[in-house]
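A.B. asks: Just so you know, the sequences run in chain order A and B. Going by this note's numbering, the first residue of the first sequence is number 1, and it counts up by one from there. Going by this note's numbering, the first residue of the second sequence is number 1, and it counts up by one from there.
There's no promise every hint is true.
What the hints assert, rightly or not - Some chain A residues close to chain B (C-beta under 7 angstroms, calculated; not the full set):
| # | residue |
| --- | --- |
| 1 | P109 |
| 2 | Q156 |
| 3 | W278 |
To be verified - Residues of chain B placed beyond 12 angstroms of chain A at every Cβ, according to the derived structure:
| # | residue |
| --- | --- |
| 4 | F24 |
| 5 | R35 |
| 6 | F59 |
| 7 | Q77 |
| 8 | F102 |
| 9 | R164 |
| 10 | P226 |
Because the hints were derived from the structure by calculation, they are not lab data. Even for Gly, the Cβ is constructed at its ideal location relative to N, Cα and C.
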Amino acid sequence: MNFSDSAHPPGPSARPQAATLEFREATKRYPGQDEPAVRELSLTVPSGEICVLVGPSGCGKTTAMRMVNRMIDITSGDILLDGQSVRERRPAELRREIGYAIQQIGLFPHLSVADNIGTVPRLLGWHRDRIRARVDELLELVSLDPAETRGRYPAQLSGGQRQRVGVARALAVDPPLMLMDEPFGAIDPINRERLQNEFLRLQREIRKTVVFVTHDIDEAIKMGDHIAVLQKGGHLMQYAPPAELLMQPANRFVEDFVGADRALKRLALQRVRDVDLWTAPLVRAGEPAAEARAKLADSEVPYPLLVDDQGRPLGWLSERALAGERVTDELRSRPTPTLELEDVLRDALSDLLAEEAQYGPVVDERGAVTGVLSIEILSHALKTDPDEVPSGADAL
Amino acid sequence: MSPLLAQVQIHQRTQDTCVSDNGFCPGWIADNFDRYVDPFFQHVLLTVVAVAIGFLIAFSLALLAYRRRWLVNPITQVTGVLYTIPSIAAFFLLLPITGRGFLTAEIALVSYVLLIIFRNILTGLDNVPEDTKDAGRGMGLTDRQLLWRVEVPLALPEIMAGLRIAVTTTVGLATLAFFAGAGGLGEQIFADITFKSNVVTAGGLAVLLAALLDGGILLVQRMITPWTRVVAAR
Chain A
1 MNFSDSAHPP
11 GPSARPQAAT
21 LEFREATKRY
31 PGQDEPAVRE
41 LSLTVPSGEI
51 CVLVGPSGCG
61 KTTAMRMVNR
71 MIDITSGDIL
81 LDGQSVRERR
91 PAELRREIGY
101 AIQQIGLFPH
111 LSVADNIGTV
121 PRLLGWHRDR
131 IRARVDELLE
141 LVSLDPAETR
151 GRYPAQLSGG
161 QRQRVGVARA
171 LAVDPPLMLM
181 DEPFGAIDPI
191 NRERLQNEFL
201 RLQREIRKTV
211 VFVTHDIDEA
221 IKMGDHIAVL
231 QKGGHLMQYA
241 PPAELLMQPA
251 NRFVEDFVGA
261 DRALKRLALQ
271 RVRDVDLWTA
281 PLVRAGEPAA
291 EARAKLADSE
301 VPYPLLVDDQ
311 GRPLGWLSER
321 ALAGERVTDE
331 LRSRPTPTLE
341 LEDVLRDALS
351 DLLAEEAQYG
361 PVVDERGAVT
371 GVLSIEILSH
381 ALKTDPDEVP
391 SGADAL
Chain B
1 MSPLLAQVQI
11 HQRTQDTCVS
21 DNGFCPGWIA
31 DNFDRYVDPF
41 FQHVLLTVVA
51 VAIGFLIAFS
61 LALLAYRRRW
71 LVNPITQVTG
81 VLYTIPSIAA
91 FFLLLPITGR
101 GFLTAEIALV
111 SYVLLIIFRN
121 ILTGLDNVPE
131 DTKDAGRGMG
141 LTDRQLLWRV
151 EVPLALPEIM
161 AGLRIAVTTT
171 VGLATLAFFA
181 GAGGLGEQIF
191 ADITFKSNVV
201 TAGGLAVLLA
211 ALLDGGILLV
221 QRMITPWTRV
231 VAAR
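If we strip away everything but chain A, and leave its shape as in the complex, we get (with noise of 0.2 angstroms):
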């Protein structure tokens, strides 16, 4: 298979990168009960996209998504991975190509990080060097550092941490299929944005096809390419890009589903990095205060924002910081909230609310300050025809 274009040095795995999913008319029928837990249920992921299931509580989302690996058997109808029936496939096997991720997460407790990753390796008698190798590869990939990680048990890991295990263990054999049913469902809210963030971020390098429960409108339009929508009994509602979804809901239950703020929910569609940002005046302590006031003039921000060498925030300067020949370190108030270049619009708006701030610094991938975002920029985006709105998979 051909990685190179893969940002990241290809996994020892000699899969494909990604697989099509096509459920055809795939029914679960429970046995003694009148209505299906999903019925006829057809649609299609195209190879390396999210598609995400969504719906109440009982609309056969978790069950759709586990007729995939087979952990549910379809009653009648079919699902096709590459073209090829997953009836046909012993489940053992089936499973062990497909990455899977649960809510609970499910990490062995018995097991360090090591060995959880290497569950699945091992299963398909990959050499001790070759596993050792990929799970060092993995837990950097997921942004923990193998050195500290790898040897611990998951009880010594925060539930951040356990979550991203979660993740490098799905993707060790560098399935091309990974299923995820609430995957950040046990996560306070802060954490959470960070991972979805994260694994938006990871998803663009390895552009797997993913099938993604969740139950939150709101985490469906920001990780999907393709949102289906099912109501109770697994009657598909609508599939279409978050950006449709939006626009145009097909019935009154999308409607209802989608929520009354569908305007404001068009801030999810787009990231921070998707906008035109204002550029920050910025000055370092000890540089000549005439510099720094002709940067202020040039900029749309009425405040010199104080930087440190690697060009990381440090505070909004106050005016007596350049009153004299060289600008002092006299903040006005700290660089809060900062922002960064992956961060939704709609998130990005509620931390600027939370701070009471009209400006928030933005950060690139080693914190420096790339520009700033303002409340009239978020203003403006809003008031953007629907048209222009890219999917969140367009946003790249």
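With chain A held as given, fit chain B onto it using these hints.
C.D. replies: For chain B alone, kept in the frame of chain A given last:
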């Protein structure tokens, strides 16, 4: 004088007043300690063999009942009946069939520990978190792999707890094994039950043995379940 005849065996040829008064005599214990060595090791053998065989049977029964839930009640009831039969009664009931000796004692001791170990293993397996099993299955572990790589290891704390109860109980019960003609420390105790030095020495050895075996199992448990002792984060 005739009820005291048995004591003559131990008291033989002594002028010591402490001994003739049936007192607690450190000097006598030091001089006669070697007579307890063989019964002690008989006792170790009785206990270890009973718990080992009991464990193998109970473990098989627990695995069977874990997969076929309808077996839980019948197995619990049968092992429960075995548990309630007084050991002494069991010895005498078995005598006509298996005769006097080690085998008779072991049958009674093994029947006694079955329920304790069976229940603990089953509890341990039942306590394995559902999401852990689901994750294992979802990752492609077969039922057998799930059992040996996930469920049994996670049940180890309860399994080992069951073994500890079984071992200490069996050390106590094995003091009655001499009724079946299997020796052990009980034989020494009953050889002269009025002589304090004798009862304290034999009884003390039984307590010491129970403590040693219990501590040994605890040590093994700590070695094979390192994850239970890690300090939880945040």
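A.B. asks: State for each hint whether it applies.
C.D. replies: Checked hints:
| no. | hint | result |
| --- | --- | --- |
| 1 | P109 | 6 angstroms, holds |
| 2 | Q156 | 5 angstroms, holds |
| 3 | W278 | 38 angstroms, violated |
| 4 | F24 | 49 angstroms, holds |
| 5 | R35 | 47 angstroms, holds |
| 6 | F59 | 18 angstroms, holds |
| 7 | Q77 | 31 angstroms, holds |
| 8 | F102 | 38 angstroms, holds |
| 9 | R164 | 20 angstroms, holds |
| 10 | P226 | 8 angstroms, violated |
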